[in-house]
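Undergrad: The primary structure of each chain is shown beneath.
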Amino acid sequence: MSRYAFHFDGTRCTACKTCVFACKDKNDLGLGYAYRKVYEYGGGETIKDANGCFSTTAFTYNISLACNHCEDPVCVMVCPTGAMHRDQATDLVAVDSNVCIGCGYCVLSCPYNSPKVDRDKGHSVKCDGCTALVANGEKPVCVMACPARALDFGTPDEMQKKGKRANIAPLPSEGYTKPNLFIKASKDARPAGSDEGTVTNPLEVL
Amino acid sequence: MNKGVKSDPMLRSRCEQHGSPTHCEQQDTLARLDLSPHNKSEGIAHDVSRRSFVKGAGALGALAAAGGILGGTLPHLPQFTTKVAQAYAESETKIVWNHCAINCPGRCSLKLHVKDDEIVQVETYSLDDDDINSIQPRACLRGRSYRSWIYHPDRINYPLKRTEGTKRGEGKYTQISWDEAIDIIATKLKDTIDKYGNEALYINYATGVSASTGRTWPRLLNLLGGYVGYYGSYSTAEISWITPYIYGSSAAGSTLNAANDAALILVFGSSPCETRQGGAVSNHDYVAMREQTKGKIYMFDYRLSDSTVGHSEDWVPINPGTDAAFVSAVAYELITKNMVDEEFLHTYCQGYDEETMPESAKGMNKSYKDYILGTGYDMVQKTPEWAAPITGISAERIRSLAKEIGTTKPLYVVQGWGSQRRSNGELTAWAICMLPILTGQIGLEGTNNGLREGSYSISMDTIPAGTNPVKTQISVFSMVDAIDRGPEMTEKRDGVTGAERLKTGFKFVVNYAGNCITNQNSDINWVHDIMVDDTKCEFVVGTDIVMCDSMKYCDVILPDLFRLEQDSMIGTGGDGAYMIAGSQPYSVKYERKSGFDQCALVAKKLGIEDEFTEGKSQSEWIEELYEVSRKKDDKLPTYAEAKKMGVYTRANPKGANIALKAFREDPIANKLTTQSGKIDIYSEKLATYIETHEFASDDKVTPIPTYVPEWYGVQTVTEKYPLACSGFHYRGRLHSSWGGIETMKELNPQELWINAADAKPRGIEQGDTVQVSNDFGTVELLAKVTSRIISGTVAMSQGAWHDANMDGDRIDKGGNINTLATHRPSPFAKGNPQHTNICEVKKVG
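Protein sequences, first through last, are from chains A and B. Quick note, the first sequence lines up with residues 1 to 206 if you use the numbering used here. Quick note, the second sequence lines up with residues 1001 to 1845 if you use the numbering used here.
Source of the hints: derived by calculation from the structure; they are not laboratory data. Bear in mind the structure is a predicted one, so any value in this text is a computation, not a measurement. The reader is advised that the hints may include incorrect statements.
Stated by the list, open to error - In silico DMTMM-like links for lysine to aspartate or glutamate, alpha-carbon gap of 25 Å or less:
| id | chain 1 | residue 1 | chain 2 | residue 2 |
| --- | --- | --- | --- | --- |
| 1 | A | K48 | B | E1404 |
| 2 | A | K162 | B | D1803 |
| 3 | A | K164 | B | D1130 |
| 4 | B | K1589 | A | D91 |
| 5 | B | K1842 | B | D1803 |
So here's chain A without its partners, still in its complex pose (with noise of 0.2 Å):
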């Protein structure tokens, strides 16, 4: 059992983004990266009868998903070069950039969209859970960030008593990978596989 595990409240996210921005500021990303993202999932009608009056099925709502640092990682297992691992003091998983070829299987792997080979560093990057933040006794900086307080760090334990493990649309069941995600889902949420819905801004998905 891994050490750390991000909670989700679906009830609270408000699709804002901080947690992407405060990311993105502390890891000095520009153009092209973000290592949390928000995904918005919707589907349904809002129609218009002969009478002029609505009608509606619309459902929508959003996860803010960064790397779930699985139980079974199955970046760290396809990793060739082993510089895909966990951290041996946080159990978060990490890149080791001076053994990382830039090879993409990890990309290619996750099912969560989480590393990205970053062609100018020449190595896959990703979330690694702030992990210089959590051994100093901290919580990762998008934890920290959320004005609705929609996010929060913590035990596997300590996170499973506020949701439960990520298995809800457009994840992957929860079965794959073991995913230290621990979600509290808002009732629009339908469960992993569902086809009711789709990922509905996928250019904010990078």
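Given chain A, put chain B in place with the hints provided.
TA: Using the frame of chain A, we list chain B on its own:
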């Protein structure tokens, strides 16, 4: 302040730059050992070198931008790496508190990490607790991206003069000295006053700075004999104008947390989470309220906003601009089914029925009840069947909602400012207030008066503006009209106050920290045509941070400082109050100067420096003003304590503010400042105003809250322009602020929300580029085809940066809704009806 910060700041700053603790230890070792060639050849050092370069590239850019410490040229990698690594070993990161200052009541805390005289990270005030009600003014995404703006290549660094031979709007400028800039401004000021008088001076509405010493131009111009002022604001023109007629001059709404005790919550024209995104204002407060209240929430909106994501069952789709029709039909149900609180209406209100009409209007079927039941005014019964095709809410649903509204208590009704920023905004804002009025749900626990949510704030004194000898004012929206046809503008027709008409058009305009000349002003193409003519307004002085669109219409531009680059003080609040005492984080770069210092230089040139500064620097003013505030609020910390704390918070001792609580308790002792002293449903004063003023023939004006179709709305679309087009606030900008920041634009694209029923016949699919056109202009942006918006109405977020070739096709590729907005003012407030638009949409290419 995070609990559990254990490391020394130096170690922490290094760790943050290198990710994992392994790297952290390596870097620590490296710092102690310094960089020898031997170590650099090791794997660890090699990694640090590479990472340092990546990190250092930003730092180098900052240093270069900061005045060429490194000569402005990129050194070769080894040299650079060595410099940066040494810098790590020698310098420390300090924390400096300051605040956001843009026009959001948030004005959230900024915890600036400053290293080598540059800001290297922006954090915020946050507590690691599980109490959702703890007061934490956490900065939003915009606050967290300040570095992208501070270090933006388009930052204005020197005084500029419009290049000889170019027109306003071309955006071509030549660098000049401060001496020359001040000389030009002082000379033009003096000449304008001599030639046209002080009524030719105007300070344009602007929202880029909020702080205790944020506005210094009014003080300067008042010392020179005054200027024409404005009333109202672009945010609230219509509701601000009508509210004194309803509730009197000091009306404010209940705080959002008052709705924790409500059983039913109705929200009109508001997306609290998008308009005020901070961690201790509406974004947080709405989320906290929704979680804690047992009340059912209905969000009446033409779109399912970000405030409602995850909670789509709260959404009641309604046609924009028709809130008053919905309210009227609910009123019909409440009245005809005996669900109104007659005792409240007869005790606390004037004009509900014949019995409560003033003498001047008795016996003429002019009461609100007459309007609703069809025995007065338009003689139409406001049945649910009448309202259904107007609002898009079925008669059946209106009946069921009316029953819920009439029988559920406490009822908390709140409106944002979206409903009022329309051609029928004054009456719509009033109409929404009728729901709590009719049900008597005012002044009690769990209720609101129907206005926007109020706040519990810390009040800070601001630098005295002095007395303006010129009493003439115009509506905030009328500046360009006054430039174009000033002497034609009258009190009776154009909303001039303090004089029967304007004496002169404006010849000298100050545009300090704002983008309301063009970008945030309606009908940008028309405004451009007026402003390029420098025989009309002869001189415009602009002061700003970056070259926003409005700066291009200025003749001299002065380089401003962000508030976060100066000592600064602000008090504000939401459910809870807070104050931020900001300190200057680093040295002033280039030739930028504070607004205070800019005005002081002009004052000096005109021989009134002592009167302007009173011998004090801005920082001394801030301290003095703070002491004045502290005399009125003795719970405030001392100035020195405040500066040390940075962020001071205070919970509302009452728990929540309840609007009109005192009035409800004793309506005689605590009578309102309306003409009747009661809540005016029929306003005698407004009836007189209507009789004595001129209105356009298609402006329907009534002394009671009626429904009037918009000029350009869902009921007045045409064959050529069959869609209504509305605007909304967007996370990626605060109005137009941050509108030029590339990383913000990337993740918050400018999109046209369009329902599939409108997109499909036009061949439009998600992500397509579309053009939106009407008689005022054309904008281009991306389509978001979504069930989150009703059909018949499209919408785009306001504040996008106007981007058009004004000497060419004028197609605005920035997607600014104001390219499509009329400059015709609303009937009463003469305010900006920027959501009242019709259009056609087509796919491009």
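Undergrad: Next, verify each hint and record whether it holds.
TA: Hints, verified against the model:
no. : hint                 : in the structure
1   : A/K48 with B/E1404   : holds (24 Å)
2   : A/K162 with B/D1803  : violated (46 Å)
3   : A/K164 with B/D1130  : holds (18 Å)
4   : B/K1589 with A/D91   : violated (43 Å)
5   : B/K1842 with B/D1803 : holds (19 Å)
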